[in-house]
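*Asks:* With chain P's structure known, arrange chain U on it following the hints.
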Amino acid sequence: MLDTLAEKGDWGKPMPAGKGRGLAIHESYDSIVGMIAEVAVSPKSELKVERVVIAADCGHTVNPRTVAMQLEGGMIYGLSAVLFSEITIRNGSVEQGNFDTYPVVRLKDAPKTEVHLALTGGAKWGGVGEPGAAIIPAAVTNAIFAAIGKRIRSLPIKNQNLSGAAKRSEAIPGSWLADLQSQRRHCERSEAIQEQRDGLLRRLRLLAMTTRE
Amino acid sequence: MVTLRVNGTTHRVDVEDDTPLLWVLRDEIGLTGTKYGCGIAACGACTVHVNGQPLRSCRVPVSLIDGADVTTIEGLSADSTHPVQQAWLAEQVPQCGYCQSGQIMAVAAFLKNHPDPTDADIDANLTNICRCGTYERLRRGIHRAAALMKSRG
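Going down the list, the protein sequences come from chains P and U. Using this note's numbering, the letters of the first sequence correspond one by one to residues 1 to 213. Using this note's numbering, the letters of the second sequence correspond one by one to residues 1 to 153.
Chain P on its own, in the form it takes in the complex (with noise of 0.2 Å):
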């Protein structure tokens, strides 16, 4: 799957300037599902979703047609996601009521978009449908990454600045190491909270213990 996908998708291809390609792959309801997405941000820092390149093995298909509809579909569903839905709150009640408020997708949003299965058959036959929405978000914050080195971490894109970034040349290697950074600073107050819980715990054992007794 991997290997139709990168070689559909045209990865390693370089890319103009401004321009970038992300790539995103999941397992889930028994199919493996990858995406490719080329992106371009203006120098306005407009996002566009250019092409999407999709491969994916759910074992078997009846209707290769309606498999590649499908994940198409699904794309495109979590596409809305990405670039603008959003659900808020506001005084207890959610603001959003109708597509005036909550946008999606639409012709001009839409990328041009072709689906490859790389079928290995055995005794799976896998999900097509919520896979194609699971990946495109990472697909596409990936194709920003390699666009203009800015990681975006938060959805939907709308309320993200795309503009202020460094040049990709330079940016990418920094921002990898600052991602690595906060990760790791992510992983120890994670680890630190668990030792503080863990102690807590013996504590409390030990304080069960000695009121019994």
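Just so you know, the hints here were simulated from the structure itself, not pulled from any lab data. A hint or two may mislead.
What the hints assert, rightly or not - Think about it this way: if two alpha-carbon atoms lie no more than 27 Å apart in a straight line, the pair counts; the simulated DSS-like pairs of lysine-lysine are:
hint, chain 1, residue 1, chain 2, residue 2
1, U, K150, P, K108
2, P, K48, U, K150
3, P, K108, U, K112
4, P, K112, P, K8
5, P, K112, U, K150
To be verified - Across the chosen pairs, the derived CB separations fall in these ranges:
hint, chain 1, residue 1, chain 2, residue 2, range
6, P, S163, U, E16, 47 to 53 Å
7, P, K13, U, Q53, 41 to 47 Å
8, U, K150, P, I89, 50 to 56 Å
9, P, E130, U, Q92, 18 to 24 Å
10, P, K112, U, E16, 52 to 58 Å
11, P, D3, U, K150, 39 to 45 Å
12, P, T4, U, Q53, 43 to 49 Å
13, U, R140, P, E27, 27 to 33 Å
14, U, S151, P, G97, 41 to 47 Å
15, P, N98, U, E16, 43 to 49 Å
16, P, I87, U, K150, 42 to 48 Å
17, U, A90, P, E7, 27 to 33 Å
18, U, Y36, P, R90, 26 to 32 Å
Stated by the list, open to error - One-sided excerpt, in silico: chain P residues whose CB lies under 10 Å from chain U:
hint, residue
19, V62
20, R65
21, Q70
22, E72
23, Y77
24, R106
25, A110
26, P111
27, R189
Quick reminder that beta carbons are idealized off the backbone N, C-alpha and C, glycines included.
*Replies:* Below, chain U without anything else, positioned relative to chain P:
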């Protein structure tokens, strides 16, 4: 009383002046091919042609178009041979299909003004929503319909 010519047949309907055209078509005349989507003319599922122009019928008070000529998906062609319908079959555009009568009506009207559309023309003019995400096939269907129209002259 409002008089409409719908798909070539004259109908006189007795409804409140502000009744949206959509409900006159569906509930009074019984043409249920036109769908209710958002109710605020944002999605395009209810698109029909009024005097040849595409309109989102959920927000058109019927009294505004008294005497108009209305075409719905049922009247686009007698036997599904309209180029857009043929292109839709060839490209297998629909998934669930709910938005597609509106999509087809919007595209049919669009191609009258853009017989040889670019992708930019499509992006700028066609804004109907499809929640199944059939956009890739929609785009292919639009180009195929344009080619069919040209070959038919």
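*Asks:* Against each hint, give a clear statement of whether it holds in the structure.
*Replies:* Structure-based check of all given hints:
no., hint, in the structure
1, K150/U to K108/P, "holds, 24 Å"
2, K48/P to K150/U, "violated, 32 Å"
3, K108/P to K112/U, "holds, 20 Å"
4, K112/P to K8/P, "holds, 13 Å"
5, K112/P to K150/U, "holds, 24 Å"
6, S163/P to E16/U: 47 to 53 Å, "holds, 52 Å"
7, K13/P to Q53/U: 41 to 47 Å, "holds, 45 Å"
8, K150/U to I89/P: 50 to 56 Å, "holds, 52 Å"
9, E130/P to Q92/U: 18 to 24 Å, "holds, 22 Å"
10, K112/P to E16/U: 52 to 58 Å, "violated, 47 Å"
11, D3/P to K150/U: 39 to 45 Å, "holds, 41 Å"
12, T4/P to Q53/U: 43 to 49 Å, "holds, 46 Å"
13, R140/U to E27/P: 27 to 33 Å, "holds, 30 Å"
14, S151/U to G97/P: 41 to 47 Å, "holds, 45 Å"
15, N98/P to E16/U: 43 to 49 Å, "violated, 23 Å"
16, I87/P to K150/U: 42 to 48 Å, "holds, 45 Å"
17, A90/U to E7/P: 27 to 33 Å, "holds, 28 Å"
18, Y36/U to R90/P: 26 to 32 Å, "holds, 28 Å"
19, V62, "violated, 15 Å"
20, R65, "holds, 6 Å"
21, Q70, "holds, 8 Å"
22, E72, "holds, 6 Å"
23, Y77, "holds, 6 Å"
24, R106, "holds, 5 Å"
25, A110, "holds, 3 Å"
26, P111, "holds, 8 Å"
27, R189, "violated, 39 Å"
Checked against the numbered hints above, the structure breaks hints 2, 10, 15, 19, 27 and satisfies the rest.
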